[in-house]
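Engineer: The chain contents come next:
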Amino acid sequence: MTDKAYNECVDNFADGVYRFIVKNIRHTEDAQDIVQSAFEKLWVNRAQVLPEKAKSYLFTVAYHQMIDHIRKSNKMPLSDEASIPHQPVNQAQTELKELLMRAVNELNPIQKSIVLLKDYEGYSYREIGEIMNLSDSQVKVYLHRARIILKNKLSAYAPTAS
Amino acid sequence: MQLNESTYETIFLLYIDNELSHKERLEVEAFIAAHPGYAREMEALKATVLSSENLQYPFKGNLKQQSTETSLEGMVEEDLVEDWDATYATILKADLEAIPGLSTSFKNSLKKATASEAIIVKSFGFNQQKFTYAAVAACLMIFFGYQQLTKTPVSNSIAVNTTNLVVPNTNSNKTSDEIASSNASPKTKQEVIIKQQAITQQQAITKLQESNASKTQRINVTQQESIAMAETTPNNSVLDNQAVMKEIPRTYNNPITINATSLPVSTANIDAEPIVDEKGLTTYEVIDTEDPNRTIYIANFEIDGNKFRGITRRVSAFLKRNKSDKEK
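In order, the protein sequences belong to chains R and V. My numbering puts the first residue of the first sequence at 926, with every later residue one more than the last. My numbering puts the first residue of the second sequence at -15, with every later residue one more than the last.
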């Protein structure tokens, strides 16, 4: 990868990586640090990274750094099935988007990352599996479980909100 | 693809994840059109898909790198160092200004570490740890080398300083043991030689007395000294010393006569018999050390080969390791 291609990666993928990380850890400064570290690693290894693989490389590095960050800070639960507390919803949070984000934030990190990569970045099961070191079927199962959880949570929130 | 009550949820999830082909998508849409009850289920699943959100990374400009592919060409190292110093100072200044509340002394302490120092250290590939290793290795080499040189046994250090060396046969009444004990602690190499020569002479005297040989004979002093060398040298050096003996020319310049009752040669290897003249005087030779044709062997020492190889092996291993670290 040339220096020019690297700068193009910054233009094209920095926002996506940042959004993916900040939606996961919900901490802007830490997310900025992780994005910076991911691009620093891409710059150091630019000779070995092909331009067409740069996006996947960035997300992979950022994801693993995010996992390390979560483990260190212990801010989020790591269990497969996250407990979903039924908290009352304010009137201001009645919009579907806010409800959905609230439900997504209550997913476990793996499911949450898969949902974000799928919906925000449009990655296929195979690409998500490459980034997160999972098989296609594992990604499919995790994602489907997450969708069911989100659907149930939305249906649970909706009567309260209404 | 079979759509029914048990499989619809999985297929609907694949539908919203865009994992179905165009044909399969049409089948799903036809199924929903035929069964309106499943439309609500599909809407509920579609609601779980996150809509795109525009969230921008605020420091995108800091991530970009200046292209170095062309700018480095034609630049000498001083230019690179100056350029990097300037860049470092700019970055440091910007960072310090961005962080409020830092004291002036703390900022100045950060400025002391210039980039040029780091580049110098990096360019030489030598840090403090490597320097320590190298210093320790050098000290060990000097220590072992000095030890090996000073550890050489006395018997192997034969100095043949024969200039005007006259050995009076004053110990004729003593046995060789007495002579050896009287010279138990020689202080110089010359004393050692004199002691060895005296022992040899005493042994020869004893032999001659036993055989009742009362003739006067002349002695080749050079050869006698060589015999002494051969007798006091370890077995592995005898042949070498005998070879040396053959190279030494036998000359009889300026013979010196000394009162003596009888004189040497006791070993069977000696081919020249000592000569004692009619007056009972033994003749010694004075060696001319200024003679360019004469070879005089001053000293001989040996180094333990195993220990020397051990030292060289350690040094070579250290150098290889240092080189591999530098390459990394």
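Among the hints, a few may not be true.
[Stated by the list, open to error] Label pairs and their computed distance ranges (CB to CB):
| no. | chain 1 | residue 1 | chain 2 | residue 2 | range |
| --- | --- | --- | --- | --- | --- |
| 1 | V | E311 | R | L1021 | 27 to 35 Å |
| 2 | R | L1021 | V | E13 | 21 to 29 Å |
| 3 | V | E286 | R | A972 | 53 to 61 Å |
| 4 | R | K1022 | V | A17 | 22 to 30 Å |
| 5 | V | A14 | R | L975 | 54 to 62 Å |
| 6 | R | E965 | V | Q113 | 42 to 50 Å |
| 7 | V | S36 | R | E977 | 48 to 56 Å |
| 8 | V | S36 | R | S1080 | 17 to 25 Å |
| 9 | R | D928 | V | E13 | 20 to 28 Å |
| 10 | V | L10 | R | D928 | 41 to 49 Å |
| 11 | R | Q1063 | V | T71 | 42 to 50 Å |
| 12 | R | K1022 | V | E13 | 32 to 40 Å |
| 13 | V | N306 | R | Q973 | 43 to 51 Å |
These are calculated hints, taken from the structure and not from any lab test. Everything numeric in this text was worked out from a predicted model, so none of it was measured. Even for Gly, the Cβ is constructed at its ideal location relative to N, Cα and C.
Engineer: Look at each hint and say if it fits the structure.
Structural biologist: Hints, one by one, checked against the model:
For E311 of chain V and L1021 of chain R, the hinted distance range of 27 to 35 Å is not satisfied, since their beta carbons lie about 60 Å from each other. Taking the beta carbon of each, L1021 of chain R and E13 of chain V are about 23 Å apart, inside 21 to 29 Å as hinted. Evaluation of the 53 to 61 Å hint for E286 of chain V and A972 of chain R yields a pass: the beta carbon distance comes to about 56 Å. K1022 of chain R and A17 of chain V have their C-beta atoms about 28 Å apart, which keeps the hinted 22 to 30 Å range intact.
Checked against the hint of 54 to 62 Å, the pair A14 of chain V and L975 of chain R fails, with Cβ atoms roughly 42 Å apart. Between E965 of chain R and Q113 of chain V, the C-beta spacing of about 26 Å breaks the proposed range 42 to 50 Å. Between S36 of chain V and E977 of chain R the beta carbon distance is about 23 Å. The supplied range of 48 to 56 Å is therefore violated. Restraint check, S36 of chain V to S1080 of chain R: a C-beta distance of roughly 24 Å satisfies the suggested window 17 to 25 Å.
At about 47 Å, the CB distance of D928 of chain R to E13 of chain V disagrees with the hint of 20 to 28 Å. In this structure the hint that L10 of chain V and D928 of chain R lie 41 to 49 Å apart at CB holds, the actual value being about 46 Å. Range check, Q1063 of chain R to T71 of chain V: Cβ separation about 46 Å, and the 42 to 50 Å hint holds. About 25 Å separates the C-beta atoms of K1022 of chain R and E13 of chain V, a value inconsistent with the hinted range of 32 to 40 Å.
For the pair N306 of chain V and Q973 of chain R, the beta carbons lie near 27 Å from each other, so the given range of 43 to 51 Å is not met.
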